[in-house]
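K.L.:
Going line by line, the protein sequences match chains A and B.
To convert, note that position 93 of the first sequence is 93 in my numbering; the numbers rise steadily by one, no gaps.
To convert, note that position 291 of the second sequence is 291 in my numbering; the numbers rise steadily by one, no gaps.
Don't read these hints as lab results, they were simulated from the structure.
C-beta atoms are modelled at their ideal positions from N, C-alpha and C, and glycine is treated no differently.
Careful: at least some of the hints might be erroneous.
Stated by the list, open to error - Ranges of calculated distance between the beta carbons of each label pair, as one might list FRET restraints:
| # | chain 1 | residue 1 | chain 2 | residue 2 | range |
| --- | --- | --- | --- | --- | --- |
| 1 | A | 317 | B | 79 | 43 to 49 Å |
| 2 | A | 96 | B | 160 | 42 to 48 Å |
| 3 | B | 59 | A | 202 | 46 to 52 Å |
| 4 | A | 346 | B | 202 | 38 to 44 Å |
| 5 | B | 190 | A | 75 | 42 to 48 Å |
| 6 | A | 49 | B | 90 | 42 to 48 Å |
| 7 | B | 117 | A | 191 | 41 to 47 Å |
| 8 | B | 14 | A | 385 | 50 to 56 Å |
| 9 | B | 190 | A | 354 | 56 to 62 Å |
| 10 | B | 350 | A | 169 | 47 to 53 Å |
| 11 | A | 295 | B | 25 | 32 to 38 Å |
| 12 | A | 75 | B | 368 | 32 to 38 Å |
Claimed, not checked - Below are the DSS-like pairs computed for lysine-lysine, each with C-alpha atoms no more than 30 Å apart in a straight line:
| # | chain 1 | residue 1 | chain 2 | residue 2 |
| --- | --- | --- | --- | --- |
| 13 | B | 303 | B | 86 |
| 14 | A | 163 | B | 6 |
| 15 | B | 170 | A | 6 |
Chain residues, written in single-letter form:
Protein chains: 2
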Amino acid sequence: MIKYEKLYSETANSVKASAIRELLKIIAQPDIISLAGGLPDPNLFPAEEVAHMLHDCVIAHPNETLQYGTTEGQKCLKEALVGWMKESEDIDATPDQLLIVSASQQALDMCARIFLNRGDAIITASPTYLGALQAFEAAGADVYGAESDDFGVTVEGIENRLKELKAAGKSCKFIYLVPEFANPTGTTIPQERREAILKLAEKYNTFIVEDSPYRQVRFEGKAPDTFYKIDQGRGNVITLFTFSKIFVPGFRLGYIVGPAHVIRKFVILKQAMDLCTSPVLQVATAAYIKSGRLMPHIVEEVKSYGKKRDFMLQMLEKYMPKGVKWTRPEGGLFLWVTVPEYIDTQKMLHEAVKNKVAYVAGFDFYPPRYAKHNDLRLNFSYSSFEQLEEGVKRLAATIKSCMK
Amino acid sequence: MIKYEKLYSETANSVKASAIRELLKIIAQPDIISLAGGLPDPNLFPAEEVAHMLHDCVIAHPNETLQYGTTEGQKCLKEALVGWMKESEDIDATPDQLLIVSASQQALDMCARIFLNRGDAIITASPTYLGALQAFEAAGADVYGAESDDFGVTVEGIENRLKELKAAGKSCKFIYLVPEFANPTGTTIPQERREAILKLAEKYNTFIVEDSPYRQVRFEGKAPDTFYKIDQGRGNVITLFTFSKIFVPGFRLGYIVGPAHVIRKFVILKQAMDLCTSPVLQVATAAYIKSGRLMPHIVEEVKSYGKKRDFMLQMLEKYMPKGVKWTRPEGGLFLWVTVPEYIDTQKMLHEAVKNKVAYVAGFDFYPPRYAKHNDLRLNFSYSSFEQLEEGVKRLAATIKSCMK
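With these hints in hand, go ahead and build the complete structure from the sequences.
P.N.:
The following block contains the structure:
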């Protein structure tokens with residue numbers, strides 16, 4: 001056999017296996033309680049409605065659903081989304097400012113490929129979504145991590161990195177943020193911070209990639225405006241939305257909103273990447289939105305996940321030893337646990353798995369130069385109440401056994 | 001607004017809009033007969049069966065179909081494909097030698113990203129599939145075109161390029177081929193040539209990317225073995241299959257077969273690209289294969305396209321002026337027309353569109369340094385018999401009007 005090792009590209013050599021995707025395979029044993037994944041609760045999937053919608057769309061529009069689609073996305077879905085964005089986010093966008101993609105991960109990969117040459121600098125929160133880091137690192141990004149507190153990334157944190165880059169003669173290609181119920185920390189960036197960060201971006205001739213998968217999963221409090229809305233059409237924000245967390249992940253559907261001339265660049269790259277996202281799933285999703293069922297479905301989900309968050313917070317309160325802290329997210333799927341500094345949560349994971357509970361170690365969410373070792377991410381959307389209690393109990397016991 | 005032009009990557013600046021995808025938008029007027037696209041005949045789509053299959057799969061497996069899937073692909077589809085490859089191609093492959101992708105274009109993009117650094121050399125037939133060129137050029141490939149005749153790429157053509165590269169101190173990362181009913185020429189590489197090309201690849205420490213979307217759409221004659229089969233598991237071939245031409249393109253489903261350790265590299269990149277291909281479409285496709293309906297569907301399609309090919313050949317015979325030549329494909333969706341050298345088919349396209357007929361100019365299928373201007377691609381799968389006759393008639397009139 002020829003030596004493939006000599007043939008691999010820099011991309012192939014720099015992309016790292018996702019800690020979560022790999023972990024999910026290891027912990028697939030049925031007796032492990034996994035608080036590790038980022039899975040929505042399958043009990044909430046509107047399976048019957050989806051089944052009928054798929055059936056009816058294919059029967060009614062066999063050619064549109066089963067033939068190749070346009071790269072930009074099916075007209076019916078783009079039209080439905082223009083209305084949906086206005087209704088749910090008060091965002092005015094035209095169809096040419098929209099690109100339908102195969103969910104947010106594809107959008108992240110496209111942002112990396114459209115803007116990054118190998119070695120180019122970007123800024124993210126530290127910690128941040130590991131799937132984004134994976135896509136950025138595949139493109140050879142040099143990731144600068146900005147400090148965060150209980151309200152997400154700080155303005156100072158962003159400004160420090162921008163100054164640091166400028167002093168080094170480098171520019172920041174973009175600032176990547178998950179503004180609400182951030183993966184992994186669960187924190188939300190307040191309105192004033194958003195405004196200040198946008199001004200900073202403009203000052204330094206860079207822009208915001210706003211990744212907003214959980215935004216509509218809010219249990220309490222008032223939502224700050226999206227960066228996209230605050231920008232008021234000045235073109236300094238590209239926002240990524242997905243149906244994975246508010247409808248079903250199995251459709252692999254999301255969309256990018258941005259300036260039309262930038263979206264055009266994305267369209268051309270997508271031609272080369274996969275021609276188009278599945279039209280049958282687009283047409284069915286458009287029908288679901290137009291039927292008015294999406295908002296009630298989200299309301300039901302918010303109610304359910306809100307109860308699970310409350311319950312997990314209670315369980316943490318009940319079982320965790322002193323010296324352990326956690327965030328209290330206003331929405332989303334995750335919270336973030338910090339243990340004493342001398343505990344390495346990557347090493348502790350082996351103990352946890354022995355105790356039949358799993359989480360994702362915080363380490364995996366940090367850009368390389370910024371790693372910390374004493375935190376971990378918990379998911380509360382997927383497990384049942386019984387599993388949440390037993391899982392937190394097992395985790396607390398694991399932490400206790402590692403404490404001095 | 002910030003200046004995005006300064007922020008774009010080399011990838012964004014090197015990827016060119018697909019001539020076909022752009023053309024399809026221009027010629028969407030209903031009175032134009034398009035022989036340009038590569039669309040299957042929607043009248044053959046098994047729409048009712050697909051509709052029921054989708055419905056039943058979601059009802060029977062709501063969690064598997066609507067939840068996130070594994071990056072490698074759904075187990076049920078991989079198992080079905082192991083059987084299908086044995087049955088249809090006498091290929092023995094294990095599930096870990098398979099990766100489910102979002103159709104062949106994604107596979108092509110992945111091949112480019114896994115193996116190519118900017119400036120790396122590859123060899124393709126000249127002309128070759130323009131979607132492949134688009135993906136390879138996005139990755140900065142330096143494409144060397146090997147000469148072809150009526151039986152596809154020649155062994156000498158490949159060897160000349162390999163020698164040329166070696167003499168220049170460069171290596172060939174891979175050789176990309178569409179071995180049967182090639183897009184755009186319709187030609188098929190004979191068995192002996194395949195064997196010789198494989199030996200050459202091994203000699204020069206490179207491998208074959210075998211793109212096989214049309215292979216099963218054979219109207220006549222005996223199929224040569226796939227490169228994959230000829231290689232007998234030595235690991236010097238990566239083969240790309242898709243359901244777009246034998247089932248429905250709207251599912252965006254394909255698969256890659258190769259050495260397990262190489263497939264593992266593809267899996268890790270796919271994690272960063274889109275996490276997974278839609279599980280609902282995978283499960284439905286697995287059900288379709290397992291129901292035994294795929295082979296009869298292909299038989300029906302072959303019968304229909306075979307008749308259309310015969311008819312288009314008759315019409316070309318009937319209407320084309322002397323001095324025009326065309327290929328006689330044994331299968332697939334396309335044939336290749338060569339007009340006198342002094343006619344530029346790109347320029348002629350404007351005349352053709354005025355005459356309400358469209359094709360794809362040959363120019364778009366050539367790697368940059370190898371462009372010719374006097375050929376064009378015709379599709380015979382999509383149009384009705386009436387449209388095929390009228391389209392060829394209009395095209396013949398256009399060519400005549402350009403002849404000296």
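K.L.:
Each hint should be assessed against the structure and marked as holding or not.
P.N.:
Now for the hints, and whether the structure bears them out:
1. 317(A) to 79(B): 43 to 49 Å: Once the Cβ atoms are compared, 46 Å apart, the range 43 to 49 Å for residue 79(B) and residue 317(A) holds.
2. 96(A) to 160(B): 42 to 48 Å: This hint holds: roughly 46 Å between Cβ atoms.
3. 59(B) to 202(A): 46 to 52 Å: The hint (46 to 52 Å, Cβ to Cβ) holds, given that residue 59(B) and residue 202(A) are roughly 51 Å apart.
4. 346(A) to 202(B): 38 to 44 Å: Given range 38 to 44 Å: holds, Cβ gap about 43 Å.
5. 190(B) to 75(A): 42 to 48 Å: Hint holds: Cβ distance 45 Å, inside 42 to 48 Å.
6. 49(A) to 90(B): 42 to 48 Å: Holds, since residue 49(A) and residue 90(B) (Cβ atoms, about 43 Å apart) stay within the stated range.
7. 117(B) to 191(A): 41 to 47 Å: Once the Cβ atoms are compared, 44 Å apart, the range 41 to 47 Å for residue 191(A) and residue 117(B) holds.
8. 14(B) to 385(A): 50 to 56 Å: 53 Å, holds
9. 190(B) to 354(A): 56 to 62 Å: 60 Å, holds
10. 350(B) to 169(A): 47 to 53 Å: 49 Å, holds
11. 295(A) to 25(B): 32 to 38 Å: 33 Å, holds
12. 75(A) to 368(B): 32 to 38 Å: 34 Å, holds
13. 303(B) to 86(B): 23 Å, holds
14. 163(A) to 6(B): Roughly 19 Å separates the two Cα atoms, so the pair holds.
15. 170(B) to 6(A): 13 Å, holds
Going through the hint list in order, the structure satisfies each hint without exception.
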